[in-house]
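Whenever a hint applies, use it, and build me the whole structure from the sequences.
Residue-level listing of the chains:
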Amino acid sequence: MRNTLELVEAAKAGESEAIAELVERYQRAAITTAWSITRDFHEAQDISQESFVIAFRQLGSLKANEAFGQWLLIIVRRAALHAIKNKFPKVDESFSSDVADVQPRWLSEFADILPLIDQLPSHEQEVIRLRYLSDLAIEEIASITGRPLGTVTKQISRAVARLRSLVSKVAS
Amino acid sequence: MNNERLKTVDDDCRDIERRLMLFGKAIECNLSITDRVLEQLSSESVAQPGTGALQGSHSGSLTRRGSLKTLQKLSVGALAATVLLALLSTVADSRLTFAQVVDSMQKATSCSYDIRMGMRNSETFHVPELTGKFYWQAPDQFRSEDYLLQNDGVPDSLSKEINIFSRSEKGIALNTKEKTYSETLPFGGRMSPLMALQNLSDFEAAASKNLGSRVINGIPCTGFELAMEVVDPDSGDGGKLEAWIDNHTRLPQQVSISMFDSFIPVDLVFENFQWNEPLDEELFSVVPPTGYSLRKVEANQKRSHEEIVGGIVDAFRLYAELSGGQYPQVKVIYGDVMLDDLYRFAGISLEQYMAAINKDNELIVKDKELWDKYSRISESTRDWAELNAIMSHDASALYNGMTVAPTDKEKVLFNWRRVDGKDQVIYGDLRVEVQSP
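Those protein sequence lines, which keep their order, are chains A and B. Heads up: the first sequence is residues 1 to 172, going by the working numbering. Heads up: the second sequence is residues 1 to 437, going by the working numbering.
I should point out that these hints are in silico values taken from the structure, not numbers from a laboratory. Glycine included, every Cβ here is placed at the ideal spot set by N, Cα and C. Some clues are possibly wrong.
Unchecked claim - Listed next, the in silico DSS-like pairs over lysine-lysine satisfying Cα-Cα at most 30 Å (straight line):
hint	chain 1	residue 1	chain 2	residue 2
1	B	25	A	12
2	B	160	B	170
3	A	169	B	25
4	A	169	B	133
5	B	179	B	133
Stated by the list, open to error - Estimated spans, in silico, between C-beta atoms of each pair:
hint	chain 1	residue 1	chain 2	residue 2	range
6	B	29	A	13	27 to 35 Å
7	B	278	A	61	41 to 49 Å
8	B	114	A	158	51 to 59 Å
This is the structure:
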């Protein structure tokens, strides 16, 4: 399996398999990042698609190939912010009601998780999204967030502990 | 793939880590965009190296944000050149007097000009430019064209948001990219003084600087500068206006405005003025063009009247809380100016604001209280915009924030006319009431 650096180099050379692999590797991170801003998975999906296209179109300007993930997620965040600012979205709705009323069935089955994640501090939400929902390696998360490896590990541990505690509270 | 299969894989899974992983897998299964991205890249043949996506994207979003303020203050019917009259009111220039320019502009029958807008050049930001065009025909027909941004942040002159409107008649808003339209209410409410061409004599501005002479497009002009807050006290702090007047016709040739949009320096330039040229009547037609459909508003974007009122009350409450007990001290409420005020009251610096925008949470989230304030301010954006829209469209809307405080239980802070003809009233203590006229 090729690493990100190799994939970006191949993508720069126009290799479509490399592009597909990069999308598959980072699409969950892109979608969940966009979702964290828009609170709408379908919109997050569209934003992610557009962000990937922008990224690949501008791939030549990326100097540090290994930083592709970090670069992509910056584009995603900005595109998501752009989207919500243009739409004046209602951002104070509870996620649970969002999920129950608007989102598809597959998502509603995980509706209980979203409010729990939202109770975490923002930096912990981010590492949870990247580690578990996006399945990225700790090293990659450290690169994306610009935090030391040890810090990321601790933040993930704390976040999981906090989530467990929240689950217990809900259960009791 | 549905979740049944995932549940089969780990039906007894209750551990949060495993559930999170399953959730991630479900996202991948149900929302995969690989094919869509490849298809789009293939159709656009864009798998070629380029430059500047990052900067373009970032700047684009902020520039669009700037355009909201601009639409609220200027583009929507703002014959921006009217500010020149304020500028000139106290300029005792032997060749160019206020009276002469007032006379020239009041005799004008039409005007059109180009609009360029972008963030000011600096080491930090790239400046793509949002461009548009504006038309005015006497006595009060307006058309503003706002070019939509492409994915790379570059304006697309073929994709436009067009607003055609007047002070007294219904207007129309068109989106040429989506080929949709919507009806708009007359702009009969309170507007920026920048838009009040008919009230020129009310201006009591003072030019802070005479910029001397310059030739623009081959035309000898005289330039002036003044602070924006002199022209429009509610436009926020720190902006300035520069105007160049044709010495011969005494009409504006170029106007530029520098202002701040939530800490970001934005420049707005009006140029290529065409005065008294015949304009096609079609430019001001409010009949939907052939092939256009009525714009649908998604259910989750709609808000009931009660939700709008609740949002406005919350926005006022937030302002009073952060400002130390007062409501916005303005006559006209601009959303972006309110946000600027609130960030300042909350003690959020430019660095923290940018960190928050970029979700670089380490910089701001260390201070939980500050982060909470940032979030609440950010969430009030839509409510301020609703408030501004009410003030723009409803001539009966009245805001009394300069004389009403949160302790004033019996004084009306803000009232306006509902669509059912009743009056919506918000009192100083933020009590809400509906009254029959």
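Status of the hints after comparison with the structure:
1. B:25 - A:12: The hint holds at about 28 Å.
2. B:160 - B:170: Holds: residue 160 of chain B and residue 170 of chain B sit about 20 Å apart, inside 30 Å.
3. A:169 - B:25: holds (26 Å)
4. A:169 - B:133: Answer violated: residue 169 of chain A to residue 133 of chain B is near 58 Å, above 30 Å.
5. B:179 - B:133: holds (19 Å)
6. B:29 - A:13: 27 to 35 Å: holds (30 Å)
7. B:278 - A:61: 41 to 49 Å: Holds: the Cβ-Cβ distance is about 46 Å, inside 41 to 49 Å.
8. B:114 - A:158: 51 to 59 Å: holds (54 Å)
Hint violations for this structure: number 4 only, all remaining hints satisfied.
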